[in-house]
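Work out the full structure, taking the sequences as your base and the hints as a guide.
Chains A and B, in that order, are what the protein sequence lines are.
Per numbering that gives the first Met the number 0, the very first residue in the first sequence carries number 0; after that it's consecutive.
Per numbering that gives the first Met the number 0, the very first residue in the second sequence carries number 0; after that it's consecutive.
Please note that the accuracy of each hint is not assured.
[To be verified] Below, computed lysine-lysine pairings styled on BS3-like, alpha-carbon distance capped at 30 Å:
1. A:LYS326 - B:LYS180
2. B:LYS198 - B:LYS123
3. B:LYS148 - A:LYS315
4. A:LYS552 - B:LYS148
5. B:LYS123 - B:LYS202
6. A:LYS559 - A:LYS496
7. A:LYS189 - A:LYS253
8. A:LYS315 - B:LYS123
9. A:LYS499 - A:LYS402
10. A:LYS535 - A:LYS552
11. B:LYS123 - A:LYS552
12. A:LYS1 - B:LYS123
13. A:LYS1 - B:LYS180
14. A:LYS361 - A:LYS499
15. B:LYS202 - A:LYS326
16. A:LYS552 - A:LYS362
Honestly, the hints are just simulated from the structure, not real lab data.
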Amino acid sequence: MKRVLSGNEAIARGAWEAGVHVAAAYPGTPSTEILEELSRFPHVYAEWSTNEKVALDVAIGAAYAGRRALAAMKHVGLNVAADSFFYASFTGAEAGLVIVSADDPAMHSSQNEQDNRRFAQFARVPCLEPSDSQECKDFVAAAFDLSELFDTPVMLRTTTRTNHSATPVELGERTERAAKREKFPRDPSKYVMIPANARRRHPLVEQRVRDIAAWAEKSPVNRIEWRDRKVGVVTAGVAYQYAREVLPTASVLKLGMVYPLPEQLIRTFAAGVERVVVVEELDPVLEEKLRLLGIPCEGKSIFPLCGELDPTVVRKSAAAAGLPVDKPPVELSELPRPELPARPPVLCAGCPHRGVFQLLSKKKVPVTGDIGCYTLGLLPPLSAIHTCGCMGAGIGVAHGAAKAGIGERMVAVIGDSTFYHAGLSALANVAYNKANVLTVILDNRSTAMTGHQPNPGTGFTLQQQPSEIIELEPLVRALGIHHVATIDAYDVDGLEKAYKELMSHQEPAVLVARRECPLLPEIRRQWVPLHVIEEKCTGCGICFRIGCPAILKSEELDEKSRKPLALIDPDQCTGCEVCLQLCPHDAIPTRDQIRMAEEKQPASCSTPVTGGS
Amino acid sequence: MAGHIPYSFVLVGVGGQGTLLASNILAEVGLAAGFDVKKSEVHGMAQRGGSVASHVRWHPEQVFSPLVGLGEADILLSFEKVEALRFAEFLRHGGTAVVNDMAIVPVTVSSGTAVYPGDEHLAKVFDALDAELVMVPGERLAQEAGNVKAANVVLLGAVSRLLPLPEETWWECLAQRVPKKFLELNRVAFASGRAAVTKAGLKA
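In structure tokens:
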């Protein structure tokens with residue numbers, strides 16, 4: 000049976016069919032759905048670990064214990080997990096160990112662009128790269144087999160366009176695999192990486208690479224498609240699809256394994272064509288290998304180094320290089336179009352982070368940010384975030400600036416999930432080395448940006464098991480931080496009062512601004528849209544300055560000021576009441592006032608329950 | 000189905016409007032009709048109220064690229080008016096733009112730093128592309144069917160009229176995605192979208 004599956008669904012399906020027992024990950028676009036899918040299959044333990052390094056260690060532990068295991072992460076997640084990635088290469092495991100690295104060319108939802116095929120080379124870990132969902136499924140199974148055949152972790156490298164494209168996939172059944180061990184291995188020479196043991200392992204790892212390269216010569220994951228011999232394209236991953244689309248007559252060497260590479264196969268292909276062209280996204284990884292082999296080729300001299308490829312880019316580049324394209328590049332004429340309003344992503348209506356950013360913006364303090372929805376606090380009109388580097392960076396950066404003797408009090412903001420991920424150790428550093436940093440934990444009880452995954456603050460796990468919430472305030476106090484307050488993030492005055500109190504000490508301080516994300520299904524049901532009383536609104540514009548997408552400018556103008564009145568979009572407004580606390584004219588009634596008014600006039604019917612859309 | 004060229008669709012809108020569900024259904028309809036299909040979309044940050052685009056391609060033999068090139072879409076389905084203007088380059092010469100008569104005002108406009116363009120620009124831009132412009136009052140028709148949130152089903156109904164597939168194929172794929180108690184509502188929404196398009200089929 001064929002079904003249209005995304006690359007991520009196919010990876011999950013493939014891992015399940017291949018008999019995976021344990022899977023761990025930390026959510027990150029474009030990898031998140033792999034674990035969400037996998038968690039729904041029977042006979043699989045799946046978890047959101049607190050970060051990618053922990054996730055990889057969990058998978059390694061399961062593989063040491065003789066059960067097939069998988070860890071999934073976005074490209075920068077592997078930066079976090081790199082230490083574990085390298086030791087796992089040296090130790091190998093007792094059962095298949097697969098690491099999915101989902102790269103994000105074009106940075107659709109990432110802080111940087113990096114090519115993790117480099118990590119495979121760097122750590123001597125073989126790397127497979129699928130080019131559609133069917134290959135996602137097939138290559139996961141191949142990766143587990145390869146892992147067991149050569150006693151090595153295997154990387155499955157994907158990119159956003161394989162993770163989030165959907166193509167038809169032939170479904171199979173699960174092959175149950177008995178655990179390879181009854182007891183945990185006691186084999187220090189293999190699993191205890193003290194220098195003496197690691198020194199013995201390293202030559203074995205290098206020999207393993209040579210053995211796998213020999214295997215890759217004959218493996219069906221790499222194949223030559225002979226067509227016209229004038230141009231030969233060497234390619235891998237989704238770039239293969241663009242090459243086939245744009246250069247339909249060219250011969251193609253399609254590499255399913257991008258490390259180590261099959262040298263003989265590459266030489267055979269290159270010898271069989273007149274002009275060798277490498278089509279690959281991001282780094283010239285394949286191109287460099289061809290050059291090392293002394294094969295004249297073109298790659299990044301034709302195609303861009305930065306950003307992602309697509310048919311438009313590949314066709315334009317290929318045509319300019321005189322390659323036989325399917326059709327001439329499209330000539331775009333200037334469209335008769337006015338300047339369009341930008342539509343950047345924004346903090347949603349009712350976002351509990353808005354009140355905090357409104358406050359920080361007003362106080363004009365330097366704010367080090369972190370990774371999550373709240374990074375959007377950088378956007379005007381709030382413009383309240385001044386740095387954002389990677390998960391957990393903000394607290395350390397604030398600490399460093401404070402220790403450098405900057406004359407301003409530093410504020411770090413971090414989300415709850417990011418705090419559990421990489422903020423905790425940074426805050427311990429602030430506490431112990433005593434920096435007068437105010438850390439604001441934006442606790443919305445969810446990992447919101449990636450789609451509301453549970454975390455240690457939610458009280459349940461990925462597979463819906465109840466668990467003990469790791470409460471933030473006691474945790475922070477246990478680090479030895481004495482100035483701590485937990486405030487409802489919708490309480491504008493409460494936030495300001497706590498802020499002032501915490502900032503009055505020249506010592507580490509923590510403000511937990513707490514309120515659930517209003518997009519959580521159970522919170523959505525409690526929305527009460529607010530409205531503006533036109534007679535009271537003066538068009539002063541204070542409510543426009545909190546950047547709430549539900550607050551619109553009305554066509555109506557104030558009689559005196561001739562400025563537009565405020566209008567609240569009832570479809571977007573959640574009723575958070577932040578705007579009405581800032582309104583100097585009491586022009587927005589509270590939820591309670593609205594409820595009381597409705598009780599007096601129970602005329603209108605409630606919104607219908609929806610579905611199917 | 001006519002021709003050997005693939006059918007390419009670009010669906011655009013604002014994060015949270017339901018473009019992902021519509022592109023899923025479009026891909027499933029293609030598969031059910033016997034095509035090879037590919038679909039591509041972007042998750043993550045853009046979903047927080049930003050501009051979003053999904054691509055869907057059907058081909059009688061094999062689809063390679065999951066992405067539609069500029070100037071290659073047979074149909075641009077826009078859930079929001081300004082997004083139709085923003086992504087107009089994807090439409091091929093002579094293609095059809097199905098545009099939901101809906102404005103979602105970006106924060107850049109409500110904060111006063113940008114202007115929301117008037118409707119007259121839609122006609123100008125798609126005229127310049129020699130394209131058909133079909134305006135569909137998605138929210139109004141969905142409301143009449145019983146729920147404003149079925150606007151995406153209305154829009155799929157409109158698209159269905161432009162393609163030579165039996166209505167049943169569409170309906171079977173839709174019905175699988177819709178809770179039983181909302182079947183009738185969605186059937187009405189789909190039919191009203193279909194009826195909103197007066198001229199069936201696409202220009203070559």
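Can you name, in rising order, the numbers of the hints this structure does not satisfy? 1, 3, 6, 7 and 12
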